[in-house]
Amino acid sequence: MIRVLTLAAAALMLAACASTPTAPPYGAATSPTSAGYSETQIESTRYFVTYRAPGGADVARLEDYALLRASELTLQNGREWFWVDRRTYDRQEDGRSRGPSIGIGVGGGSYGRHSGASVGVGMTFPLGQQNQSGGWARGATYEIRFGEGAKPDDPNAYDARSAQQAIRARISTTG
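Residue numbers for the sequence shown follow this note's numbering, so the first one is 1 and each next one is one higher.
Quick caveat, the hints were computed from the structure, so don't treat them as lab data. Even glycine gets a Cβ: it sits at the ideal position worked out from N, Cα and C. Heads up, a few of these hints could be off.
Label pairs and their computed distance ranges (CB to CB) [claimed, not checked]: (1) Asn156 with Glu72: 27 to 33 Å; (2) Leu75 with Asp154: 15 to 21 Å; (3) Pro152 with Asp90: 50 to 56 Å; (4) Ile42 with Ser162: 21 to 27 Å; (5) Pro25 with Gly149: 31 to 37 Å; (6) Gly149 with Ser31: 34 to 40 Å; (7) Gly112 with Ser34: 57 to 63 Å; (8) Ala166 with Gly135: 21 to 27 Å.
Construct the entire structure; sequences and hints are all you get.
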């Protein structure tokens with residue numbers, strides 16, 4: 001019986017690990033806190049473009065969705081390219097420590113006429129390179145401005161049609 005319960009518990013833990021949140025389908029948000037894209041006009045050629053996934057999603061997918069909406073918005077406004085001035089993310093922490101930490105534990109117990117107490121101290125130090133890119137977030141917001149004239153050769157400047165086509169192709173192949 002214990003073996004069956006152990007196997008069942010292991011299967012449940014494995015299923016919980018496998019079920020990570022995914023980004024909802026691309027579309028407009030129906031409210032300020034719902035999943036989807038939204039934009040806020042700052043000036044005639046400047047916008048905040050946001051894509052939210054309240055349950056959390058892969059940052060790369062959120063970036064794609066925010067860039068796709070920025071591309072659509074640029075073309076809707078009769079422009080050919082846009083510039084991303086600033087990127088911000090509503091990051092979700094994964095619960096792991098990013099730096100050294102110290103933990104202290106205290107315990108005690110008794111068995112019959114015997115009793116005892118214990119104190120433990122532990123330290124952790126992260127080893128290896130910490131992954132600063134990627135991860136999970138609840139949202140990505142880009143501050144964009146529409147460009148005029150020739151698109152500069154800069155990684156923050158995007159041709160709206162090219163970006164839109166590339167992102168749509170990537171989204172259709174990754175689900």
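Against the structure, the hints come out as follows:
1. Asn156 with Glu72: 27 to 33 Å: 18 Å, violated
2. Leu75 with Asp154: 15 to 21 Å: 20 Å, holds
3. Pro152 with Asp90: 50 to 56 Å: 29 Å, violated
4. Ile42 with Ser162: 21 to 27 Å: 25 Å, holds
5. Pro25 with Gly149: 31 to 37 Å: At 35 Å between Cβs, range holds.
6. Gly149 with Ser31: 34 to 40 Å: 38 Å, holds
7. Gly112 with Ser34: 57 to 63 Å: Holds, at about 59 Å.
8. Ala166 with Gly135: 21 to 27 Å: 23 Å, holds
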